[in-house]
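Participant: Here's the letter readout for the chains.
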Amino acid sequence: MFCHQCGTQVSADAQFCTTCGASFVPGTPGLLGAPETPWTPPAVIQVQAGRWIGEGWALVTADLGTYVLLALVFCVLSAAVPVILQGPLIAGFHIFTMKKLMGRRAELADLFVGFNYFVPTLVASIVIGLFVFCGTLLCVIPGLVVAAMYKFTYLFIVDKRMDFWPAMQASHAVAKRDYVGFTLFLLLMVLVDLLGVLCCFVGIFVAIPVTFAAITVAYKEIVGFEQRTVDAL
Amino acid sequence: MALFTALWYFSVPADPAVRLCAFHWLTGRPCPLCGLTRALFALAKGHWAAAVHFNALSPLGFAMLFALFWEGRMRAWLWKGGVGAFAVYGVLRICLPAYLT
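Chains A and B are the protein sequences, given in the same order.
The first sequence begins at -16 in our numbering and counts up by one.
The second sequence begins at 2 in our numbering and counts up by one.
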């Protein structure tokens, strides 16, 4: 059947449109119109940076071709239109990995599903960039801590339908449980990216998906995916 | 323990040729956190005066850092007060002559 809102072809048993988020179930709010899910962080969070990156690596190597293509498109578009496209594309990267983790069929087009959350992801990327810049000005390390604090923002926007600021606060609430651990997680991801650059630069197209996948794996473990997101994807 | 041994054994230049601080690079004045790395190496060797010379709030900074490993109300109190103290110190470092900060 076709979506009554955007015309995208979807499977006959779909409950939501995967492109625009419209609901096909009478009386149910659509994916985008759905209210934000209230969320409280768990009392104890154990950072397992090495294992998360290992699982990210396993996910990427299991579908290397698509991930490399995804990273290539991500880099080209981010370079062509800096700032504006970065947030939605990061959200799209996470949606792709979320589908992989749910055992759904993920495809290149999922990178652009992040554009359904264009405004919150764009504003989040600008605000986070500004915060990280200010932190980096003060002898680098505060910038790293701030970047680590907001790593889950895009996942909260996509999964819990949060606006940019509640999503940033939720991500902060997670990192607050172990600032040192999450900063080390970020540093390990920076190391993975550096290794990618050292592999004749092309390694970056593997390293970038590994880091995004590791963040999604960490989010799944710490927060868990919302049931309606699982249904919608 | 390994970290402490490394800090005790090695030293960083007291006046580095290249500064990583973008704030210092832009304004020519030290940021509130400038000198903390050098102070950490000095503190590990027991050179408190040198540490305070590099950054006057370095002992407070390290108390805040180590407090990260302990949960509790004390940590929140220390961090709120510490961030405020560093903010005031940052303003003083910019406004006052170099020999006073």
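I should point out that these hints are in silico values taken from the structure, not numbers from a laboratory.
A couple of the hints might just be wrong.
A few chain A residues that face chain B, going by a derived Cβ cut-off under 8 angstroms, partial list only [stated by the list, open to error]:
#1 T119
#2 L120
#3 C122
#4 V123
#5 P125
#6 V128
#7 Y162
#8 V163
For each label pair, taking beta carbons as the anchor points, the in silico distance ranges come out as [unchecked claim]:
#9 A:D146 - B:L27: 25 to 35 angstroms
#10 A:L177 - B:T6: 19 to 29 angstroms
#11 B:A64 - A:V102: 22 to 32 angstroms
#12 B:A64 - A:K159: 16 to 26 angstroms
#13 A:K159 - B:P60: 21 to 31 angstroms
#14 A:C117 - B:Y10: 30 to 40 angstroms
#15 A:K159 - B:L27: 25 to 35 angstroms
#16 B:L93 - A:D214: 49 to 59 angstroms
#17 B:V13 - A:M85: 28 to 38 angstroms
#18 A:I124 - B:V53: 29 to 39 angstroms
#19 A:L177 - B:L93: 22 to 32 angstroms
#20 B:R76 - A:L52: 17 to 27 angstroms
Note that the Cβ used here is the ideal one computed from N, Cα and C, for glycine as well.
Participant: Each hint should be assessed against the structure and marked as holding or not.
Facilitator: Quick rundown of the hints versus the structure:
| no. | hint | result |
| --- | --- | --- |
| 1 | T119 | holds, 6 angstroms |
| 2 | L120 | holds, 5 angstroms |
| 3 | C122 | holds, 4 angstroms |
| 4 | V123 | holds, 5 angstroms |
| 5 | P125 | holds, 7 angstroms |
| 6 | V128 | violated, 10 angstroms |
| 7 | Y162 | holds, 6 angstroms |
| 8 | V163 | holds, 5 angstroms |
| 9 | A:D146 - B:L27: 25 to 35 angstroms | holds, 33 angstroms |
| 10 | A:L177 - B:T6: 19 to 29 angstroms | holds, 26 angstroms |
| 11 | B:A64 - A:V102: 22 to 32 angstroms | violated, 42 angstroms |
| 12 | B:A64 - A:K159: 16 to 26 angstroms | holds, 19 angstroms |
| 13 | A:K159 - B:P60: 21 to 31 angstroms | holds, 24 angstroms |
| 14 | A:C117 - B:Y10: 30 to 40 angstroms | holds, 34 angstroms |
| 15 | A:K159 - B:L27: 25 to 35 angstroms | holds, 30 angstroms |
| 16 | B:L93 - A:D214: 49 to 59 angstroms | holds, 56 angstroms |
| 17 | B:V13 - A:M85: 28 to 38 angstroms | violated, 48 angstroms |
| 18 | A:I124 - B:V53: 29 to 39 angstroms | violated, 20 angstroms |
| 19 | A:L177 - B:L93: 22 to 32 angstroms | violated, 37 angstroms |
| 20 | B:R76 - A:L52: 17 to 27 angstroms | violated, 45 angstroms |
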